[in-house]
Structure formats: structure tokens, C-alpha cells
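Two chains, two frames, some hints: make the complex.
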Amino acid sequence: MSIVVQQNDFDSGAELAALGAKSGVGAVASFIGFVRGAHIIAMSLEHYPGMTENSLADTEAQARQRWNLSDVRIIHRVGRLLQGEQIVFVGVASAHRGDAFAACEFIMDDLKTRAPFWKCEETAEGAQWVDARESDQAARERWGHS
Amino acid sequence: MTVTILYFASLRESLSRSQESLELPPACDTLGALRQHLAARGGVWEALLAPRIQMARNQVLVRESAVLSADDEIAFFPPVTGG
Numbered sequence: 001m002s003i004v005v006q007q008n009d010f011d012s013g014a015e016l017a018a019l020g021a022k023s024g025v026g027a028v029a030s031f032i033g034f035v036r037g038a039h040i041i042a043m044s045l046e047h048y049p050g051m052t053e054n055s056l057a058d059t060e061a062q063a064r065q066r067w068n069l070s071d072v073r074i075i076h077r078v079g080r081l082l083q084g085e086q087i088v089f090v091g092v093a094s095a096h097r098g099d100a101f102a103a104c105e106f107i108m109d110d111l112k113t114r115a116p117f118w119k120c121e122e123t124a125e126g127a128q129w130v131d132a133r134e135s136d137q138a139a140r141e142r143w144g145h146s
Numbered sequence: 001m002t003v004t005i006l007y008f009a010s011l012r013e014s015l016s017r018s019q020e021s022l023e024l025p026p027a028c029d030t031l032g033a034l035r036q037h038l039a040a041r042g043g044v045w046e047a048l049l050a051p052r053i054q055m056a057r058n059q060v061l062v063r064e065s066a067v068l069s070a071d072d073e074i075a076f077f078p079p080v081t082g083g
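In order, the protein sequence lines correspond to chains A and B. Position one of the first sequence corresponds to residue 1 (our numbering), numbered consecutively onward. Position one of the second sequence corresponds to residue 1 (our numbering), numbered consecutively onward.
In short, the hints are calculated from the structure, not lab data. Each residue gets a CB set at the ideal place from its N, CA and C atoms; glycine is no exception. Where hints are given, some of them may not hold.
[As the list claims (entries may be wrong)] Label pairs and their computed distance ranges (CB to CB):
1. Glu141(A) / Thr4(B): 26 to 34 Å
2. Val67(B) / Gln137(A): 22 to 30 Å
3. Ala27(B) / Arg66(A): 39 to 47 Å
4. Glu73(B) / Arg64(A): 33 to 41 Å
5. Asn58(B) / Gly26(A): 37 to 45 Å
6. Val62(B) / Leu82(A): 32 to 40 Å
7. Glu64(B) / Arg97(A): 22 to 30 Å
8. Ile32(A) / Val67(B): 35 to 43 Å
9. Ala40(B) / Phe31(A): 38 to 46 Å
10. Gly98(A) / Asn58(B): 31 to 39 Å
11. Leu22(B) / Pro49(A): 19 to 27 Å
12. Met1(B) / Arg36(A): 30 to 38 Å
Chain B extracted, bound-state conformation (with noise of 0.2 Å):
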């Protein structure tokens, strides 16, 4: 299945990536598969697996537990700092 990812400021910064489209592997099926997934990728991309790395699927924020659908927009950022 396919998702859209997204990065924010400082993560966004140290990926040099705004937003990505990905084909996921079937064994995929999870946020915190598919942050392993990306983290596997090396170097910066290890940043995605700090503990202060908060992540949204479909614009509510989750833990790394959450089942992932097709079309899914998943979000990865720091922790926020609005307000």
C-alpha cells in the first residue's frame, strides 16, 4: 500500500525532505514498522527513531502501535512548541 509522509521543522530541516510518497513492504503494517523502516535507510533518516519524535496519522497524533491503512498521511516532527 501506498502512504504520503510528511516531515516538520527541525526533522524536515535534518532530512532536507518535506514530504514523501511510499510503497510500503507488506510487513509494513505499523507507524513504528514504518519508522524502522525509514530509519533503516541510515545516517539523518536514524533521527526518526528519538524517543521526542511525536507521530500523526491522518492528522491526529499516535503511537508507534498504529496500524497503518492505504492513503494513509503519516507526520513526523519534533515535539511541537505552538501557544
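Same shape as in the complex, but just chain A (with noise of 0.2 Å):
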């Protein structure tokens, strides 16, 4: 499954090494996210089970769309995530590097914005909510509507 929805940890190398491995890849990119923030003891993320695969999925088909891409990864965790830990992990693979990067950076703005996903981060004082940012939601409007 190219789409994984999981509150187990993944090994991005062994990540990588799949993407690479199929015939015709001259080029594989790839993000990850971690839990980042010296005052954050943990962060858990809820997500609304069946609309967040579909929500990825479709991302994942907008991607395919604008750009020749052979292999496309995304793996969410969801769960309570300590200080440091991996969330978020997406693999492009392509012909070429264009085409992987961009993709990959689509990817990464369009599911920030859509996938339905929240982020509660617990601190020394307390547990809260993340805001979405506006940031956010222009970096994937630079991209254009599909």
C-alpha cells in the first residue's frame, strides 16, 4: 500500500531503498517530519480513521496527475509522539529529479491543508491545541487548484 495511516514508527532508509529498487527510477525524493520544539514534552495527533487514507489517497492521485511519477510512499503516524520522533514521511519516485521534487514538496503542502489530521502538544504547562497557519494554507495555494 502506497498510503499508511499508522502509530508504529517507520524506517525511512529501508523507505527509500523500496522506492529505489523498481526498474525505471532515475530519481527519488523524499520528506520527513518530526516532532520538533525544545518545550514540547509530546505531541499527539487525532486523525478521523477512513477519511485520512482517502484524503492522502487523493493527494497522491493530484501528484500523479501534474507529474510522471512512478512510485509515490506516504506513511502518517498518529498516536502520542514524544520530542524528536518521526511523524510524516513521503517518497516520490521518477524518471527524473524535476518531477520527484516538486512532487514531493506538492505532496507535503497539499495534505498539510487537507488531510484530516490534529496536532494536540503537550508542554510543561499544559496540553493545546496547534493553530493551523496561514503559511500553511499559501504554500499550497501557490500550486494552483487541480
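Below, the structure written as C-alpha cells:
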């Protein structure tokens, strides 16, 4: 499955190797997101089971329409993650680096504005829901409509 | 007709409810009408009217003009923050 939503951690190296292993692949581009911030003890990710997978699949479909891709892999974790842990992996394989780079960035910009996940940060002061950022919306809008 | 309504994240906490099953009055034929109907409960429910609240019908993001059907799964949630 190219789309996975799971609690468990993932092995980025293994994922990249799998993407590069297929014939015709000239380029693999990737992104890994981490729980960041010295003041953050943990981050909890809530999600809408079913819709998350549908949304991510739609993001992949959009990317495949725009660019020539041979493989896409999206892994997004849910549940309680500690500072420094991996949250999300996006990997794209293509014949050419232009398509791979662009598709990888597009997929992140798109999922950040559409995929139904919600982050709650735990700090020493307590737990607080993270606000959506206008900069994320702006980043998605750069790509225009599908 | 009956629909299932799901609430997520901070909205779920404000409403103290994660889901409900609701028999809709006949006039409640769109997502917008449903939203007004729920907000009319007053108090914390008025938070549903905030422009930032997003809506899904059968696990697809939609606008309030979306027409409802029997056994739909409706969801209301704050702006997403994944990735």
C-alpha cells in the first residue's frame, strides 16, 4: 500500500531503498517531518479514520496527474509521539529529479491543508491544540487548483 | 432522514461530544441547514458557525451547499494540522 496511517514508527532508510529499487527510477525525493520544539514534551495526533486514507490517496492522485511518477509512498503516524520522533514520510520516485522534487513538495503542501489530522502539543504548561497556519494555506495555493 | 455526525479535536472537546445520530427535520436538506440546526442548540454549539470550521460528507471535504442523503456520515472539525 502506498498510503499508510499507523501508530508505529517507520524506517525511512528502508522506505527509500524500496522506492529506488524499481526499474526505470532515476530519482527519489523525500521528506520526513519530526516532532520539533525544545518546549514540547509530546505531540498527540488525532485523525478521522477512513477519511485520512482517502484524503492522502487523493493527494497522491493529484500529484500523479501533474507529474510523471513511478511510485509514491506516504506514511503518517497517529497517537502520542515524543519530542524528536518521526511524524510523516513522503517519498516519490520518478525518472527525473524535477518531477520527484516538485511532487514531494506538493504532496506535503497539500496534505497539510486537507488531510484530517489534528495535533495537540504537551508542554510543561499543559496540553494545547495546534492552530492551523496561514503560511501552510499559502504554500498550497502556490500550486494552484487541480 | 437519519444522519451520523462526528466531531473532532478541539471542537469535540468544546461540545463534549464525539458523535451523535440525528433524525433531521425535513427542511434540513443541506450541510448548511444542518449546521444552523445544530447551532440553534445555543451555547457552545454556536462554535459550529465559525467560518474556520471544516465539514465532510461521507469522508470527503465539502462546502455547506452539499445536499444531504439518508445515512450520510457528516463530520465537523477545526482546520487540519497534519504533516
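Here is what the structure says about each hint:
Taking the beta carbon of each, Glu141(A) and Thr4(B) are about 32 Å apart, inside 26 to 34 Å as hinted. Roughly 27 Å separates the CB atoms of Val67(B) and Gln137(A), a value that falls within the hinted 22 to 30 Å. Checking the proposed 39 to 47 Å range against Ala27(B) and Arg66(A) shows it holds: the Cβ atoms sit about 42 Å from each other. For the hinted restraint 33 to 41 Å between Glu73(B) and Arg64(A), the CB-CB distance of approximately 27 Å leaves it violated.
In this structure, Asn58(B) and Gly26(A) meet the distance hint of 37 to 45 Å, their C-beta atoms being roughly 39 Å apart. Taken as a hint, the range 32 to 40 Å holds for the pair Val62(B) and Leu82(A), whose Cβ atoms sit roughly 36 Å apart. For the pair Glu64(B) and Arg97(A), the supplied restraint of 22 to 30 Å is violated, since their beta-carbon distance comes to about 42 Å. Our hint of 35 to 43 Å for Ile32(A) and Val67(B) holds, since their Cβ atoms are close to 41 Å apart.
Evaluation of the 38 to 46 Å hint for Ala40(B) and Phe31(A) yields a pass: the beta carbon distance comes to about 44 Å. Distance hint for Gly98(A) and Asn58(B): a CB-CB separation of about 36 Å, consistent with the stated range 31 to 39 Å. The given range of 19 to 27 Å is respected by Leu22(B) and Pro49(A), whose C-beta atoms sit roughly 21 Å from each other. Separated by about 45 Å at the C-beta atoms, Met1(B) and Arg36(A) break the suggested range of 30 to 38 Å.
Comparing the model with each numbered hint stated earlier shows that hints 4, 7, 12 do not hold.
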